[in-house]
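Peer 1: Full structure from sequences and hints, please.
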Amino acid sequence: MFSNSARYFASATLLGFAACSSEDTRDADTPVSSASEPPSPAASMSTEATGTLPTPAAAKPSSTGATTPQAPVPSVTPQGSLTHSTPNPTTPPPAPISNPSNGGAAGSDGAPAQTATGGSANGGSRGTSTPAQPSASDSTPSGAGTGGNASRGGSDGGGGTAGGGLDDCGVEPVNPNTTAEARRLLCYLYSVYGKGVISGQQETSWIANPADDVDWIMQQTGKFPAILGGDYLYPDGTTDRAKAWWEAGGITMVRYHMGAPPQSDTYDNSKSSSNIDAVLQAGTQENTSFNSKLDYVAGELQKLQDANVAVLWAPFHEVQANGWFWWAKGSGAQFIDLWKYMFDYLTTDKGINNLVWLFPYSNNPAGDYFPGKEYVDIAGADCYDKNPPFESLFQSTQGIVGKTVPIPLHETGVIPDPETMFPNAAPWLLFSVWAGYEKDTSQNSVEGIKAAYASQYTITRDELPSFK
Amino acid sequence: MNEPSTGAPRRGLLLIVPLVGLVLAIGFGLFTARSNERSAPVPATESATRREPAKVASTSNALRDLPIEPRSDAAEPQTSNPSSLAAVRVTRTDDEERAMEELRALWPKQPERALAVAEQDRRRFGASAFAAEREWIVVRSLTNLDRFDEAREEARRMLELYPNDSFSADVKRHVLIHPPGPPTTPSR
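Which chain is which? The protein sequence lines are A and B, in order. For the first sequence, this note's numbering gives the first residue as -14, with consecutive numbering after it. For the second sequence, this note's numbering gives the first residue as -1, with consecutive numbering after it.
Treat the hints with caution; some may be incorrect.
Said to hold, decoys possible - Keeping only pairs whose Cα atoms sit at most 25 Å apart, straight-line, the calculated DMTMM-like set for lysine to aspartate or glutamate is:
{"id": "1", "chain 1": "B", "residue 1": "K107", "chain 2": "A", "residue 2": "D197"}
{"id": "2", "chain 1": "A", "residue 1": "K371", "chain 2": "B", "residue 2": "E100"}
{"id": "3", "chain 1": "A", "residue 1": "K335", "chain 2": "A", "residue 2": "E359"}
{"id": "4", "chain 1": "A", "residue 1": "K424", "chain 2": "B", "residue 2": "D92"}
{"id": "5", "chain 1": "A", "residue 1": "K453", "chain 2": "A", "residue 2": "D262"}
{"id": "6", "chain 1": "B", "residue 1": "K170", "chain 2": "A", "residue 2": "D322"}
{"id": "7", "chain 1": "A", "residue 1": "K424", "chain 2": "B", "residue 2": "D163"}
{"id": "8", "chain 1": "A", "residue 1": "K288", "chain 2": "A", "residue 2": "D353"}
{"id": "9", "chain 1": "B", "residue 1": "K107", "chain 2": "A", "residue 2": "E271"}
{"id": "10", "chain 1": "B", "residue 1": "K170", "chain 2": "A", "residue 2": "D425"}
{"id": "11", "chain 1": "B", "residue 1": "K107", "chain 2": "A", "residue 2": "D153"}
{"id": "12", "chain 1": "B", "residue 1": "K107", "chain 2": "A", "residue 2": "D353"}
{"id": "13", "chain 1": "A", "residue 1": "K371", "chain 2": "B", "residue 2": "D147"}
These aren't lab readings, by the way, just hints derived from the structure by calculation.
Peer 2: See below:
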């Protein structure tokens, strides 16, 4: 009588818990600006941000030349110290990823390097502040400020270093003082968006060996995920592991299950409630506590900044109405004020400039919780349904954040099959599997993980360019 | 040219057909009435108590002594009459849907009240199609009240009862995976 779809439909608006499958979320009360229009970030990107981009097939290195053994890659111990592990010798070695950002595209696929047309702006969409309303430039590939960089593509195909493509891609970070490394990372994210998906894995921070997740991925696939996710709820070694991962050529992503002010930081307390108005009012106990927590996290991020490490910063995750966590239990306006407060505190007051600001929706994105593109470098959603690639969630998120902002699947249980994501179904920028879910056979099969990591679209750590 | 030979049988049929119909209608009515007696909605709590007494073992203050059973054994009216079964289902689900609407609106703002209503609804509807969602609301309400230990207890019970439900998966992820206490080195 009542199907799951009907139940989720009923739940979506009132509970804040919605399925993120295509069928179900079409019914959800989420703003979708152009649900019938297939997303075309690749088309947008080709003129807005990067100028010249390879075809999806060219976004990954070919298997040719796979004769060189892969060098030992650094891993991290539970204590955060750097060690080295030897990857599966049967695994093809990494080839320079042939994306336009590392200068390897032209050389590796034999195509001539192309010159981008366009200026230095990023389409004019950034800096606007109209939540839930895609800007005109979002859907107009030929809009003002077509991006691109003439030097992209490189001449030798060697790649491996940032090169001019990542230094000047025309994408302006929301923090004008963003470090060079973070700018390169942001440029890279823009450059691959719509053409490939960056693999990611959240570590199980609370166990003796937080590296167990990524080591398991390596054992199964012969590849490390490109992104290692950490959580500043667990301060022991998180910064050290993030630094080690970066030094090994990876991308670091950090979240923070902050306890509800003025309570201490525990996972339970992150689900507690707080008087958000008091949190934002100077002089209150809640505000003092909130500032103290931001001071703590700023201290950790400063260590990474001092080491020239860029960070995908994903605080206040699972944003939605009636969310699980304290920051999402108030109104949209309150959440936006929280986000802006944190942004200003970390950037202006604390001088933290090594962040790529990732706005992390839950599986039920709502426009009135979006702080605007002037506070967000990239913005995505999460989904724990078992029927990826979650097309309608991608579309509903895109309906809020627009077509130029890369959209990550920043949390998931099931690794989506990249072959089903591209070119237009749900071209998530990245996927990040939650801690332990990669080994949960109710979520993923080993075969599925191997296939995902072997996909022509999936970018692994060995395929990243240098952001240094 | 006339058809006198067929006129008498036709008149006979005109009398017989209504009589047969009347008899059949009476018979069907009696049958339906008896079937409805058999298929009258049995309070789910009674059914559940009878079937799965062990499942009642919950020490939660929020939902103490409430019998429940796995959804696969959802209490459906026992009847052989499809029409009466459909009628019962429609009645029960309509009522429950209204109750769920109330519950959904209630828990974010009045979690304590939501717990009381959920308890009533569990007694009333038992292991119905909305049972897992109702349990999810219970866990969310307990969480909003900072009654985390009870929330965990309910979450474990919910996972046992509805192991493959998306509501259970959501509860598991938010309640049962992370260690509840402070990290080894508290951050702030």
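Peer 1: Now, for every hint given, state plainly whether the structure supports it.
Peer 2: Right, here's what the structure says about each hint:
| no. | hint | in the structure |
| --- | --- | --- |
| 1 | B/K107 / A/D197 | 40 Å, violated |
| 2 | A/K371 / B/E100 | 29 Å, violated |
| 3 | A/K335 / A/E359 | 19 Å, holds |
| 4 | A/K424 / B/D92 | 41 Å, violated |
| 5 | A/K453 / A/D262 | 40 Å, violated |
| 6 | B/K170 / A/D322 | 30 Å, violated |
| 7 | A/K424 / B/D163 | 20 Å, holds |
| 8 | A/K288 / A/D353 | 34 Å, violated |
| 9 | B/K107 / A/E271 | 21 Å, holds |
| 10 | B/K170 / A/D425 | 13 Å, holds |
| 11 | B/K107 / A/D153 | 49 Å, violated |
| 12 | B/K107 / A/D353 | 19 Å, holds |
| 13 | A/K371 / B/D147 | 29 Å, violated |
The structure does not agree with the numbered hints 1, 2, 4, 5, 6, 8, 11, 13 stated previously, though it agrees with the rest.
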